[in-house]
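> Here are the chains, one letter per residue:
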Amino acid sequence: MARKTPPPDDQGREQPSFSRRSFLKSAGVSAAATTIVGAGERAEAAPSVLGPDAVTLNLKVNGAARAVSVEPRVTLLDALRNELDLTGAKPVCERGGCGACTVLVDGAPIASCLMLAADAEGHEITTVEGIGTPEKMSPLQAAFVEKDALQCGFCTPGFVVAGTALLAKNPRPSLDEIKAGLAGNLCRCGTYGRIFEAVQAASRATRR
Amino acid sequence: MPQEQKPEPTATFKAKAGLPASPQPLEVHPPANDIKPWDVDSIPQFEHMGRPRPRIEAPLKVTGKAKYTYDVKLPGMLHGRMIGASVPAAEILEIDTSKAEALPGVKAVWTTDSRVVRFAGQDVAAVAAVSPDVARDAARLVEVRYKERPFTHELREAMKPDAPRVFNLDRLPAGRDMGRNGNVAGPRTSRANRGDVEKGFAEAEVVHEGTYYCPVHTHAPLETHGVVAAWEGEQLTIYASTQAIFAVREGVAEALGVDRKNVRVICEHMGGGFGSKLGPSATGSAFSVVACRLARQAGAPVKLMLDRHQEHLCTGNAPSALMKVKLGAKKDGTLTAAHFQSWGSAGVAGGAGTSGPAGALHGKNPNFKAEEWDVFTNAGPAAPLRAPGHSQGAFGIESAMDELADKLGIDPIELRKKNEASPVRMAQYDLGAKAIGWERRNKKAGDMSTGAWGASLPPARSKKVRGLGMANGNWYVFASENSNAQVRVHRDGSVEVITGCQDIGTGYRTAMMVVAAEELGIEPGDVTLRLGDTQFPEGPGSGGSVTTNSMAPVVRLAANQARAKILELAAPLVGAKPEELDAAHGKIFLASDASKAKSVTFKQAAAKMSGESIDCLAKRPKQYETYRGDLAGTQFAEVEVDVETGVVRIVKMVSVNDCGLPVNPLTTQNQVLGAMIQGASWALFENRVLDRNVGTMLNPNLEWYKILAPADMFEAESILTPQANLGNNTSTAGIGEPPIVPTLAVIANAVFNAIGARVRELPITPDRVLLALSEAGRA
Chain U
48 MARKTPPPDD QGREQPSFSR RSFLKSAGVS AAATTIVGAG ERAEAAPSVL GPDAVTLNLK
108 VNGAARAVSV EPRVTLLDAL RNELDLTGAK PVCERGGCGA CTVLVDGAPI ASCLMLAADA
168 EGHEITTVEG IGTPEKMSPL QAAFVEKDAL QCGFCTPGFV VAGTALLAKN PRPSLDEIKA
228 GLAGNLCRCG TYGRIFEAVQ AASRATRR
Chain A
45 MPQEQKPEPT ATFKAKAGLP ASPQPLEVHP PANDIKPWDV DSIPQFEHMG RPRPRIEAPL
105 KVTGKAKYTY DVKLPGMLHG RMIGASVPAA EILEIDTSKA EALPGVKAVW TTDSRVVRFA
165 GQDVAAVAAV SPDVARDAAR LVEVRYKERP FTHELREAMK PDAPRVFNLD RLPAGRDMGR
225 NGNVAGPRTS RANRGDVEKG FAEAEVVHEG TYYCPVHTHA PLETHGVVAA WEGEQLTIYA
285 STQAIFAVRE GVAEALGVDR KNVRVICEHM GGGFGSKLGP SATGSAFSVV ACRLARQAGA
345 PVKLMLDRHQ EHLCTGNAPS ALMKVKLGAK KDGTLTAAHF QSWGSAGVAG GAGTSGPAGA
405 LHGKNPNFKA EEWDVFTNAG PAAPLRAPGH SQGAFGIESA MDELADKLGI DPIELRKKNE
465 ASPVRMAQYD LGAKAIGWER RNKKAGDMST GAWGASLPPA RSKKVRGLGM ANGNWYVFAS
525 ENSNAQVRVH RDGSVEVITG CQDIGTGYRT AMMVVAAEEL GIEPGDVTLR LGDTQFPEGP
585 GSGGSVTTNS MAPVVRLAAN QARAKILELA APLVGAKPEE LDAAHGKIFL ASDASKAKSV
645 TFKQAAAKMS GESIDCLAKR PKQYETYRGD LAGTQFAEVE VDVETGVVRI VKMVSVNDCG
705 LPVNPLTTQN QVLGAMIQGA SWALFENRVL DRNVGTMLNP NLEWYKILAP ADMFEAESIL
765 TPQANLGNNT STAGIGEPPI VPTLAVIANA VFNAIGARVR ELPITPDRVL LALSEAGRA
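Those protein sequence lines, which keep their order, are chains U and A. Residue numbering for the first sequence follows the numbering used here, starting at 48 and increasing by one per position. Residue numbering for the second sequence follows the numbering used here, starting at 45 and increasing by one per position.
Since the hints were made in silico from the structure, they are not lab data. Computed from a prediction, not measured in an experiment: that's the story for all the values here. C-beta: ideal position from N, C-alpha, C; glycine also. Watch out, some of these pointers could steer you wrong.
[Said to hold, decoys possible] Residues from chain A that face chain U, not an exhaustive set, calculated with beta carbons under 10 Å: (1) Ala102; (2) Leu118; (3) Gly316; (4) Arg352; (5) Phe580; (6) Ile721.
This is chain A alone, in the form it adopts within the complex (with noise of 0.2 Å):
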């Protein structure tokens, strides 16, 4: 029977949103249950939010003392070795283990029940052994028989009509209103897809098109993906290296048949995942299934790690992107139309869309159309990799930007002032040009007789040249609901709160306890997080950049819980009401007496309390209506390109973003700088390569698969924009992803802007940047 909904009860308050610089009043309607956001009349009386802090575990992992999960040892752990494919497509005749369980010292062994490999390192089989060497000699002992099959390595090749299949067109991985044609799904539809683009075109005076490509990057997060799983009779323990421990619950569980109640998942301390730790294991491996029964069958703790090889092949990897892009403007620069059209290849998955920053952007432009295409390829599955698909995207259509601005004549930035509608990104874009000395680049690409360089011109035979480009990004605020917090103060005044959650190296805890403390009024060191294990009360996955706006504004309003009842014992004490209370650095006073003559210390508060802990549990609020619904970000570079040797070397750059109100700026703008960092190593470096004439990866380790390094590195400036967005009671946003989206399309446009030559194949290796220079005319 259908049932009306009911609306849920809603308070109303008035408040301050936007940039201090100039707010605007806004009527919000949190939950009933929810309190008075933080806007920006509460900046200005913050204690601790918005003040640099070096985050708490931060002793711990200096001085070597920190446990990540490739650090747990239990008695008589065993050491596990997962076994991939060595051949990309194959139909599997036989395993046989015979002679790996024959070795002394292995202890259990276990097989795919698969026949069919689509990839290079599938899961085939695994050993658990008394020591990591004996589990590496049992493991090469594993004898597979395959019966090879033809295979298709790359998304272009894919794409060819005779290319060998991935799959059968029944079984391709594809939304079922997805039209498929050999390796090929699609066009999948963009939400943002508006007006009429035809028309659009018409009524351009300029068009620009283009084709950018992006290869496939991998995450290689440090510390490799794994568990340590342990059974004490129907009770699992597994501690995990993840970014969703409850994910891991979930998934083990349903996989081993087993209770979720039976199952702790625990990460105190986790060395990168960068999106590719989401899952229960990996999106091309079930390693952490494997180690359980490996450990069930050997009636002993299994560690299992993957190594550096096993991590680039089977954990996921950024899908490789196909970008067509057509732009059509009038001459002023006003955007008529935008079609964005992408091929992107997630190996044996699908999900490879990089629409999300061409649709966002260019907000004013009226006819926009998306379509994307996912081809399959003999490889690894993709995983979500920060900004999945964005930092692709915006490398296309930001790419296409910097060109039609160039045909125009015109700065870039005011091509995309011009067609800008959001009001943060328009106050971002000075403060960027300023950071970065934007008035010195070239006005002609390629000439820097054309820009204003001062003392930093190269000498005049030197074959280095500089440039300066600008991108833009986008991104969302996602928030989850799962998010719970349990904050408990005890009858000493200590504080816990108590939290699933995990802290995967963002700083959460560090902002979590500042957070708790501005509420409780007590100092950010008063309060201990207890995190990273399943016993505790469920948070999200690490996913999405969710974390900080999914858990700040839960574990406020579970300390703004608490701190009543502590009010309420303090009340008799200061001989007042509780209403008329204040509290602020482990002080409770009247709020009307500036002097607080009249106070209690917390603690002497909570030693009136009847048990022996108060404890308040709280879930999170829906996000609400925001100011802002996306998250701006404009970012900036200047570059030294070496036209003899087609070396780029970046000098600076300076990202400009928007977070909401930053929790604790030192650990923000960390993030910020490691994302613009991380992007930098995309856009010049990174490029899984695959064999063509094996299928298999061909720089699976650090050195090959060539991440930026020490000597790479560059002058690199974070300016955040902090404003009340209003979307929860503390007006935080994520900023792990954001500051990524740019970076690959702002270092191409000043590459662009110091050779005159466009590179719109990545990474801008030496040899691409001298064959521009040559197709250009200008080598």
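Isolated chain U, as found in the complex (with noise of 0.2 Å):
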């Protein structure tokens, strides 16, 4: 298959032509900024290729060390989900266009469809089933339950991931802000309002 030569960068250096499996090793969410400058310097001291066989990744999943063997071109999400079945976060569009996926890598919330599970190595991941379990619910978890803020369910863990990474950076969200907190997650069933609710319910909860 012909290559092209990617055209010199703007300080007249030659650009790392990439190859799929140099890209899968690079191009992680973090480190998508600093892959183009970067790579050419790094390519000595980086690990080897991975793949395209699997390969063990040591992930922390819910604060658990967890060891998956996958393809280095599996997503988090489907790393998460058939390798060590939690399945509360969801598959619905494949593209980060819909937020059922969202977990929490470090904290922030993130769509783990676009996520590759290599990339996920050396982070803090959080499911839904990290924030709390049926018996011993979050307080947003809780208040979900007592608005009635679901019908299907489908898009709820992804929600409710949102919700509680918006609830840990604000607090106090106005209705404003809750909206924009919860801007890339879709409900099918319309249950936005009660979702909005609930989110100033655990608010309310955890101020006291």
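Hey, can you piece these two chains together into the complex? The hints should help.
The structure is reproduced here in structure tokens:
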């Protein structure tokens, strides 16, 4: 297959040409901004190319060390669901457009369908299962139940995770701030109003 | 030999029907085995019915523990993937799966027998492999050669005489009595047709004619369609994301030629369907059957979930509708005639009618005629979508009514009242008007100085204007008699309600706990629902808003039989006759003794049973003549329109609805609000766009097929008007669909009131608002 040589960068240096594998290696969410400049220099110090066969990844999920063996192309969402049986995060749009697969990565909400499991190594992953259990729900989860902020429930874990991140950052959000904090999540049953009420109720509950 | 049908024996009960504020005595005649229906007098007696109660499965759903079909994982399970046609009209010349089969990890391959493609996304092939990624790789390796044919992608294009034919005339999927012309079949006439419209228009003093258009919407449930299929010998177990487990069993067993007794379908939790999950697979795909075949071929369980792109293409949609409405009225608003014509496209399927609301609303109008045509296009077949055809139809007729009101200079509510035949809706108008602040509306559309906006008037220099609108909706009381329930009381006093009928997220299982507890005199939390499994007694598919209305009466009947047996056991313990006893909150006591001094617990009575359990199985009694056979609703909206950008923002909506006696207002109102919000999404955003050049969908995802999101949310209020409809022994009725019927029209009417220009084509996007302003000379 013919490969085009990339044009030099703005400082006249030759750009590395990316194979799919080396891209996988370096194009994590957190690394994306620095990849282009740093990749050439980092090449020698970088770990060997991953894949295409399954590799062992050491993840930290809901406070526990979890090893998974997956192809490097596997998303964090698929690794959580198919390898670790954490099926709270849902596959819905598979392109970051709906928020149903939201998990916390070092406390920040991200679409786990857009993150490679390999890039989640070294980060603290929290899924909806790590936020509470049916026996011991978080204040926000309890508020979702109380306000009946759900119907089919398929979007609910994503909203709970996004709402948890919002309240951690802003414990007393206004209604507009709640809408902004949950802007990346979709609910097809139309439970938004109840969800806003649940976030407000949890905010009040934790204030006391 | 013809046999004379014996009338079924019936019972006679005197009861109080209707709204509690104005009860009406009514004699009802249910089947002899039925019990006295809950009526107006029951309402103050209820311990659990009608009280808000969080749904029982909510803790599982908010913690990610609820297992949906997509979450099922079986040992050795493979991952299936459907491959759809990439072109909208073609003959399939060859399907080459050799490269896919050669890929390591691929365990089974399926190809279609059909050689004719009529829409992009139609089933062509499928694979099963060891992981979702390998299945995707394999799907890319399947090579299909097509001989492409001309296609037609859109309703108005397909109606043209020279449009490419989707079907040969003799193959059109239309009734034999329907006319056929090119891609058009019809007209179908309505049962609501009455009087003489020509005469009615001759008597009219004012006539309004308008044409209204609604595009195709897709269901877009968040859990895509799919199944997990597992064989154990001849025994087939299917986990299905479905609204109708029994339809899946029937359809799959028939397609595979296996006995139904060997097929078990399970659905514990389901991630949305809205009408698209009522069949064995979907209207435009046979993925369930394919998954079972792949599983048998591979000798391993197969999970086959469609992806988001496929979901938009082949799992159904709501037909588009082009509606021509003509209304005639006297100057005082009395309707003299209505003529409703509708052309709709359900893609390669029929059934795109929209005349339901036009025929049912404004019941005092003596002269009505509806005609409906189905137009075929090279697009995926439609499926019922939440009050099928009714939101579109109400958009047509209720937009036209709003235009007529404007022409007559009459308040839109007064125009509706003038022609209203429903006493329930008559009582609803003022409730809704008060909640929305109807008195503020612009008396002259597009002129806020004619409204009483007070503090909500935007600043003078603002380019934003506000308006209020209203519209009506109708729906029907449907019930399925194939509704069965078993109530089992164990010797330890624990209680199960066992019924196959699935819970699609409406709060159904909690509602049945309430009904059983009310009848048994125990707490709802003491009842466990076993459901969503074809091993249990048959229940209906959850479509047509039938579920609560079908299942509540039979659960109550089975619980009533169990109650009688428990009271018999309790009688000697209390020292009274069974008929002297009553039960509430887990205690059984002398009904005549307010102090309940002599009582035993439900558990003490149950402990006296001879065997392990008391099992009572009941079948739903026939729906009887009701106080009201339809479900009235009316809706209101306040919108703000930026006349510079054309952006519409909904400020507030109010829905007033009848659903008989609500079992659990918390979940009932959730349904109402959800329907209204989904309708608002259709009104402002949703539009399936097929590429006119290649016939494939341009927006098969959730960003470009935009659905209403948190940032678009408005204040939403639900007002229920509980009434004893006496249609069944619980006086319940469905609510999932009725509140979405008026919504499209409500918003369009509110936009008109705000800007003084009419948008007659949905969705009401900024370009259409600016165009309407420009055409009205208001830009």
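> Look at each hint and say if it fits the structure.
Hint check results:
1. Checking alanine 102 of chain A against chain U by beta carbon gives a least distance of about 4 Å; that is within 10 Å, so the hint holds.
2. At a threshold of 10 Å, the smallest CB-CB gap from leucine 118 of chain A to chain U is about 12 Å, leaving the interface hint violated.
3. Proximity of glycine 316 of chain A to chain U holds as hinted, the smallest CB-CB distance being about 4 Å (cut-off 10 Å).
4. Among the interface hints, the one on arginine 352 of chain A holds; its C-beta lies about 5 Å from the nearest C-beta in chain U, closer than the 10 Å criterion.
5. Because the closest C-beta pair between phenylalanine 580 of chain A and chain U is about 21 Å apart, greater than 10 Å, the hint is violated.
6. Taken as an interface hint, isoleucine 721 of chain A checks out: its beta carbon lies about 3 Å from the nearest beta carbon of chain U, inside 10 Å.
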